[in-house]
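Asks: Based on the sequences and whatever the hints tell you, model everything.
Chains as they are written, first to last, in our numbering: chain A, 774 to 1040; chain B, 774 to 1040.
Derived from the structure by calculation, the hints contain no laboratory data.
Since no wrong hints were added, every one of them can be taken at face value.
Since the list gives no way to pick one copy over another, a pair counts as held whenever it fits inside one copy or between any two copies.
Here are the simulated lysine-lysine pairs, PhoX-like style, with alpha carbons at most 25 Å apart:
1. K1039 <-> K1026
2. K994 <-> K901
3. K867 <-> K841
4. K1021 <-> K994
5. K994 <-> K980
6. K901 <-> K980
7. K926 <-> K972
8. K1039 <-> K901
9. K972 <-> K1021
Protein chains: 2
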Amino acid sequence: MFLVILKQQKSSKMIKTVTLVGAGNLATQLGKSLTENGIEIVQVCSRTETSAKALADQLGCPYTIDLKKLKQADLVIVSVKDDVLERVLKQIDKRSRVVHTAGSVPMEILAGYFKNHGVFYPLQTFSKQREVDFSNIPICLEASSVEFLQELKQLANRLSQNVSLVNSEERESLHLAAVFTCNFVNHFYHIGDGLLGEKGLDFSLLKPLIQETALKVMSLKPIDAQTGPAVRYDETIIDKHLELLSYKPELRKIYSFISRSIYNSKK
Amino acid sequence: MFLVILKQQKSSKMIKTVTLVGAGNLATQLGKSLTENGIEIVQVCSRTETSAKALADQLGCPYTIDLKKLKQADLVIVSVKDDVLERVLKQIDKRSRVVHTAGSVPMEILAGYFKNHGVFYPLQTFSKQREVDFSNIPICLEASSVEFLQELKQLANRLSQNVSLVNSEERESLHLAAVFTCNFVNHFYHIGDGLLGEKGLDFSLLKPLIQETALKVMSLKPIDAQTGPAVRYDETIIDKHLELLSYKPELRKIYSFISRSIYNSKK
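Replies: Written out as structure tokens, the structure is:
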């Protein structure tokens, strides 16, 4: 598969070496996956020595905390918090070929700094301590030129079979949808955990339900998978639940609001 | 395993036959699973002939729409909407041994009608068209006597390895937690689907994320699994997302409210 792509794109260069700027959850997992797939990480750069060294040790490469000392590589991947991104970009050698990994930052932010620039956005939730299998993670690409896009695509295909071209506007919507379907969903797992904990019940009682709820939408549209009191507007249960939450105004408000939203979403 | 249980409880009767009142999602899946596990469903009773016949045909048993004509069986399982439950119970022969399957209805509701009564609550999301594997579904039991509880436990163990004794107060909290971790979660899948649909993007892009989000909390506590802009209070992204949702006041309110709730839940 890889050889075929290689032949088709004989003219474009191959990205073999990467400098990684950032050592957070995404940078950590991406760095590991790149290394496992034969890409050499030539250096990790991070704000603090502790985080830079921790990741560099895992990847078996040198590190720096000084952006002015970035080593040359075929690609610089910048994976830092959105609000420090521009400050970081300003310090990177202008001749570098640079991608960022952010969902909600337009590619344009890079245009003023680097000729060859793009976005390499893996749509997944990453935690440092949890290994992820990149092979089916959607990697969303955008690039300043067709040639550079081809190179990024080759690189992405080493990690995943699920590579898409996604422009900045689409990526922003993807990221927003990801916040709802991952972060907000996880918050509801947390709320469930809390409700059970108060009664001395174990969170594991909810695990088969959580799994099945996620599995259902692999084959059904979410709207067709919906069950429970809100979708049939079972006021008896809804009122009982609101009463149970009477001493928790925040949860009560969430319950009431989401229930109404579910009911309103009915076809 | 089953033989061992049988020996231990030689004195208690075994439930071999069941009359099923209700033909909704839960009744359908429960009826199928009971049949597959050697329990004879002697009759299905439902409000409409269409629904009664549909389920009876699947289970290969007779049906009725008249509660006065319920056939005798070792157990009557009543699986109807909460708000019609009492109306149904009133019409069932008082000598019957009856359980309901509702999360938020106390067992006490049955006490006035039947000497042997209890609750048989499988904690799962059921849809008619989707087969479920009962073997790891938590079945939460409550009963009017230790003897009847033993019988229900034997029955439940035929379907699942995951049988718990859960009283009415605990079950109510479980059900409330299930609404958050299943129905509300599914609603956020639906919102994600809608946001992508507007940009012509396919919901399948979110599937690996949805799976991983659910998988993460199989081993991490939800609070430790959280990622995204809200938990680190990344105002740049949050503001951008709120702006994206400016023409959708309902989603905007949900976004803002849940983000704040996530931030406040930080340890």
